[in-house]
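Peer 1: Make a model of the complete structure from these sequences and hints.
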Amino acid sequence: MSKDKNPRRVADNEAMAKLRMLRTSPQKLNLVAALIRGKKVEKALQDLTFSKKRISDDVKKCLQSAIANAENNHNLDVDALVVAEAYVGKNLIMKRGRPRARGRFGKIVKPFSELTIKVRQVEEQS
Numbered sequence: 234m235s236k237d238k239n240p241r242r243v244a245d246n247e248a249m250a251k252l253r254m255l256r257t258s259p260q261k262l263n264l265v266a267a268l269i270r271g272k273k274v275e276k277a278l279q280d281l282t283f284s285k286k287r288i289s290d291d292v293k294k295c296l297q298s299a300i301a302n303a304e305n306n307h308n309l310d311v312d313a314l315v316v317a318e319a320y321v322g323k324n325l326i327m328k329r330g331r332p333r334a335r336g337r338f339g340k341i342v343k344p345f346s347e348l349t350i351k352v353r354q355v356e357e358q359s
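Residue numbers (our numbering): 234 to 359.
For the record, the hints were derived by calculation from the structure and aren't laboratory data. Don't be surprised by glycine CBs; every beta carbon is placed ideally from N, CA and C. Errors might be hidden in some of the hints.
With beta-carbon atoms standing in for the labels, derived distance ranges [unchecked claim]:
#1 R253 with D310: 22 to 30 Å
#2 T282 with N308: 56 to 64 Å
#3 P332 with S235: 22 to 30 Å
#4 R241 with E275: 21 to 29 Å
#5 F338 with G271: 41 to 49 Å
#6 G339 with S298: 34 to 42 Å
#7 E304 with K238: 16 to 24 Å
#8 V342 with D245: 25 to 33 Å
#9 A244 with K285: 42 to 50 Å
#10 K328 with R242: 26 to 34 Å
#11 M327 with L264: 19 to 27 Å
Peer 2: Structure (C-alpha cells):
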C-alpha cells in the first residue's frame with residue numbers, strides 16, 4: 234500500500250523552477266521577469282547577464298535551474314527551449330520604522346517576493 238504518484242504540475246514539454254524569499258519588491262522583480270518572457274533561453278540568459286538591475290542575477294539563477302530541470306528531469310532539448318511563463322508573486326513583508334518629528338513613527342516596509350519560471354520545448358519551424 235503505497236501512495237499514488239503525484240501528477241505533474243506542468244505539461245510533458247515543459248519544466249519549471251521556483252525561487253522564493255527574494256529580497257526585492259514584486260514590482261521591481263516583474264520588470265526583470267518581463268524582460269525574458271517569451272524569449273529563447275540563450276537570448277534570455279544574455280539579457281540577464283548584461284542587465285543593470287541588481288535582482289537580475291537571482292532571476293538568471295532561477296532560469297538556469299529551470300533549464301537544468303528540463304534537461305535532467307524531463308529529457309528536453311536545451312536548444313529548443315523558450316521561456317513560456319515568468320511570473321512574480323508576493324511573499325512576506327518585514328515591517329520596520331524610524332522615529333519622526335513630534336513623536337510620530339515613520340513606517341518602512343521591506344517586501345519579499347517569489348518568482349516562477351516555466352520553460353517550454355518548441356519545434357523549429359522550417
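Peer 1: Each hint: holds or not?
Peer 2: Okay, the hints, checked on the actual structure:
{"no.": "1", "hint": "R253 with D310: 22 to 30 Å", "verdict": "holds, 28 Å"}
{"no.": "2", "hint": "T282 with N308: 56 to 64 Å", "verdict": "violated, 27 Å"}
{"no.": "3", "hint": "P332 with S235: 22 to 30 Å", "verdict": "violated, 59 Å"}
{"no.": "4", "hint": "R241 with E275: 21 to 29 Å", "verdict": "holds, 25 Å"}
{"no.": "5", "hint": "F338 with G271: 41 to 49 Å", "verdict": "holds, 44 Å"}
{"no.": "6", "hint": "G339 with S298: 34 to 42 Å", "verdict": "holds, 38 Å"}
{"no.": "7", "hint": "E304 with K238: 16 to 24 Å", "verdict": "holds, 22 Å"}
{"no.": "8", "hint": "V342 with D245: 25 to 33 Å", "verdict": "violated, 41 Å"}
{"no.": "9", "hint": "A244 with K285: 42 to 50 Å", "verdict": "violated, 34 Å"}
{"no.": "10", "hint": "K328 with R242: 26 to 34 Å", "verdict": "holds, 33 Å"}
{"no.": "11", "hint": "M327 with L264: 19 to 27 Å", "verdict": "holds, 21 Å"}
Hint compliance for this structure: hints 2, 3, 8 and 9 are broken, all remaining hints hold.
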